[in-house]
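Please put together the full structure from these sequences, using the hints given.
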Amino acid sequence: MIVMSRMNEILQDSPGETLFLLGNEAVARGVIEAGVSVAATYPGTPSSEVGDTLFAVYREAGIDFEFSVNEKVALEVAFAASITGLRSFVFMKHVGLNVASDPFMSIAYTGVRGGMVIMSADDPSMFSSQNEQDNRNFASFAHIPLIEPSNPQEAKDFLVRAFELSETLSVPVLFRTTTRVSHQRTNVVLSHVRKGEKRGKFEHRSGNYVSLPVNARSLRKKLEEKMLRISMGDYPEDLNRIEKYGREKAKYGIITSGEAYNVITDVVKKNGLSVDLLKLGLTNPLPRDLLNEFLDSEDEIIVVEELDPFLEMHVRSHINATGRIKTVHGKLDGHFPPEYEFNYEVVSSGLNSIMNAGIPIPDEDVSEGDLPPRPPVLCPGCPHRATYYAMRRAVKMMRIEDPIFTSDIGCYSLGFYEPFHEADTMISMGSSEGIANGLSKAVENRIISFIGDSTFFHSGIPPLINAVHNGARYLLVVMDNGTTAMTGQQPNPGVTMQEINGKVSIESIAESVGVRYVRTVDPYDLGSTLRTMTDALKYDGVAVIVTRRECAIIRDSRLRSEGKIRPYRVNTEKCSKCMNCVENFACPAISINQGNITINPTLCDGCGVCAEPYVCPFRAIEAS
Amino acid sequence: METNIIVAGVGGQGVVTAGTLFSQSALAKGHNVVMSEIHGLAQRGGSVSVEVRIGDVRSPIIPRGETDLIVGLEPMEAVRYSEGAGKKTRFLINTETIAPISLSMRGEEYPPVWELLSRITDRFEVYVLDALPFAIEAGDARAVSTVMVGAAIQLGILPIDRDSTLKALEKRFTQRLYEINKKALDLGLSCRLSQAAMH
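Protein chains in written order, with the working numbering: chain A, 1 to 624; chain B, 1 to 199.
In short, the hints are calculated from the structure, not lab data. Cβ atoms here follow ideal geometry from the backbone N, Cα and C, with glycine treated the same way. Take these hints with a grain of salt, some might be off.
As the list claims (entries may be wrong) - If you anchor each label on the Cβ, the simulated ranges turn out as follows: (1) M1/B - I242/A: 51 to 61 Å; (2) I554/A - Q175/B: 41 to 51 Å; (3) F141/A - D163/B: 47 to 57 Å; (4) M232/A - P159/B: 45 to 55 Å; (5) E83/B - M232/A: 45 to 55 Å; (6) K564/A - M1/B: 44 to 54 Å; (7) K249/A - M1/B: 23 to 33 Å; (8) E83/B - N8/A: 35 to 45 Å; (9) I554/A - Y178/B: 24 to 34 Å; (10) A216/A - M1/B: 50 to 60 Å.
Written as structure tokens, this is what we have:
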């Protein structure tokens, strides 16, 4: 959430001024300094704050910014702006680029007009993701340039360079951050703001933007020529640099990029190692002359990078292809691991094994592993808790044995945890339904799918059409909290935020594609939710229940500012200590203290669901 | 010289606010600062931490054993982060407890605070403080994180002081909240810290 004064700060045109910015806020500032006209995204951590920042300032900045329905559409929106000559920016989390990869691979061929940059925020160590795919591979896969910043300052400055490079060569540029760059906060020195053009001009260029084979064949060759030009030196020079450390003549030359650069330089400085370091901001294609100069001045090479041996493989190939003989150390010879993010210990241990650096690495302190865990939980007042609670009861009441729950990407993925255990599969956006389609062919079990409103719009509609067309049988629960909650409450097509946003009805979509059973309930009303669920579980075919209730975080911030939150409390005289509320409802505001059930008044948001007789049959939970 | 701080707590307690205050205060002193904000999957109620590194460093991740101070807004979360602590690490812990649902669901209660702390008092200097009454006295229960920042300055191991932290408060809060937090800071600076003894 960005406050007003911060909003003006990020817009100011005062070069030399310093702001303490999150990497993602610095990216947003880079968008403003680069004079971007059109920006689009689908929210995804660790990229989300770029969108939050732009959403707060885009009108004042004169940027046409949108939260698109998914990453593929976002990329096409940006591409369209670019071919009219405007600068455009599209950003997403790493797995979002999988969704956008279809147009991504082909716009590399067609090329662009106004500078176009695609940002992928990767997530080494998977802080908030289902995998840690290294999207640098997408740059070499598509044959487009790749730029990697190491810190917020570079995130801003390199982004501006990325636009220049894109425009010079008419090629889209992939801009790759990682969690530690996007979620790192440091001082950033501002540069000039450039005002983007308001309107572009579409030029009818015969064939250029039509990927028919006849056109694609010639565009393919042009793309190779562009990449060759870049590798031969047609790129902004300040993206790469050579640094020298230590007092002695270095035996080892280190090639690095991104967050790995931060870690390796901390290790080198702290231990006074003498090494030369090639810090690459442009990591595809490799800058040939600079690389040759560096290779020829070092005895041995060490490549320090997170995740895949991306630079290492390209450096090894280059050495081989240019007839050089040079020892290279990295992941392929086992000194650094291919998985998870790097830290001081991992990098030190790699250097110890390669160059006998003798860096002391302390043992881990005694583990406190037997502490009660505090995994991520649904917030107090979260409507999803009520939905999951009701479904568990409905399944029990209907005596359904061994139901299979297919879940999806969002806050409600937390239904996997106890006490609900209502997620047997969760793979990718929309997969709750795709997998339900397949399971209904493969097994006789009752299949219940959970998907959020935003994910439904993003990827949930085609599998619903598939279900109707191919006769799949499952109960789909669309948990509509009116926002894209997990990434920080961004709007989606189901909500009207502004006059320009049309509102799309989930029920109308379901009905119009041919779903015959469509119901809507308020999950806070446990009784009718339960009745609807038991009824829907009898239906043989594809059935849809929309559980609609505003996200608790949005509701709380509104009620709190109005002073209207009334927490509930437990009447100990009525409480029979049946433990149903703590064991099966599991709201973080409810706990046991000195033998009594108590509700923490600062955590309770007064949703009142726990006071319903379906949770507390003794009516011991009362409004205070 | 570098100083490394971890702020740990439960989502919604003001962990990021405390981290930002330490950072802005050190910046006002002219130091380089790298702060790491990793948000997990949960918006509220999950375990949350930020790392603040002050000095000539680039990576936002504190090397193992190099943490100078762990500020725990919640006792169990403070103990959880002792895994990365080292010989020089000190703890400053707010004694207000928040029970994780993993306990309640099994019918169990939050353990006594002294019992939790006894896991770390044999190896570390541990200071405790009940910050909530001071925050309420300052005018807002949510000012707990600012009280803790004041108390942390008292320990004399951080390269920040009252003046630099007031500048940080100015950047962070509107006028009304600034006054409340200024009072919370001063209460933190002047409160009596007790050292949790070994058991």
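Hint-by-hint comparison with the structure:
no., hint, result
1, M1/B - I242/A: 51 to 61 Å, "28 Å, violated"
2, I554/A - Q175/B: 41 to 51 Å, "27 Å, violated"
3, F141/A - D163/B: 47 to 57 Å, "54 Å, holds"
4, M232/A - P159/B: 45 to 55 Å, "48 Å, holds"
5, E83/B - M232/A: 45 to 55 Å, "49 Å, holds"
6, K564/A - M1/B: 44 to 54 Å, "49 Å, holds"
7, K249/A - M1/B: 23 to 33 Å, "29 Å, holds"
8, E83/B - N8/A: 35 to 45 Å, "41 Å, holds"
9, I554/A - Y178/B: 24 to 34 Å, "27 Å, holds"
10, A216/A - M1/B: 50 to 60 Å, "59 Å, holds"
In the structure shown, a violation is registered for the earlier hints numbered 1 and 2, in ascending order.
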